[in-house]
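Novice: Sequence:
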Amino acid sequence: MILRHFAHNLREQNWTAISIEFVLLVVGVFLGIQVANWNESRNDAQRAQENLERIASDLESDRGSLQRRVVFWREVADHGRVAIRYAETGEKREGSAWQTLLSFYQASQLFPYVPMDTTYRELVSAGELGLFRSADLRTALADYYVRGAGPAANFLF
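This note's numbering puts the first residue of the sequence shown at 108, with every later residue one more than the last.
What the hints contain is simulated information worked out from the structure, not anything from laboratory work.
C-beta: ideal position from N, C-alpha, C; glycine also.
Some hints here could point you the wrong way.
Pair ranges (Cβ atoms, derived) [to be verified]:
hint : residue 1 : residue 2 : range
1    : V253      : Y212      : 28 to 38 Å
2    : V177      : V231      : 54 to 64 Å
3    : R181      : L208      : 13 to 23 Å
4    : P219      : F137      : 55 to 65 Å
5    : Q156      : P219      : 24 to 34 Å
With the sequences and hints as input, model every part of the structure.
Specialist: This is the structure:
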């Protein structure tokens, strides 16, 4: 509709109307682009918040897993002490050869740790870590999932 008026005024060389319509057209395009940018920023902020909540859930899961590992490694250490005591003194666990053998076996157990990193991997593969404006947060996530407690947790105990 506006373009039809613009073309009509152009044919009639009505320069005042042409100037006004041109300014309105430019302002309309500018506002449309600005609204689209604002909407995109709002959507990015919402996605960042949702991903932060997912990462928090992943970290809470990791925390629970690490707590279970602490209990596991305490039990392994207890069995190891029983096995060493038998090797050094011949003292059987609860007076039973079977319980002592079981302690040797349990002392050799492993509990591999795999962090819950699904959200982080999705963000990296989609190139969306930039949704987090904080460089410190991005660095902390990389430290944890790539170099830190994630992989290193297999060697902490």
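Novice: Work down the list of hints and note, for each, if the structure agrees.
Specialist: Here is how each hint holds up against the structure:
In this structure, V253 and Y212 meet the distance hint of 28 to 38 Å, their C-beta atoms being roughly 35 Å apart. The supplied range of 54 to 64 Å is broken by V177 and V231, whose beta-carbon atoms lie about 29 Å from each other. Between R181 and L208 the C-beta distance comes to about 21 Å, which sits within the given range of 13 to 23 Å. Take P219 and F137: their Cβ atoms lie about 57 Å apart, and the range 55 to 65 Å holds.
Between Q156 and P219, the C-beta spacing of about 33 Å keeps the proposed range 24 to 34 Å intact.
Of the numbered hints given earlier, the model fails hint 2 alone.
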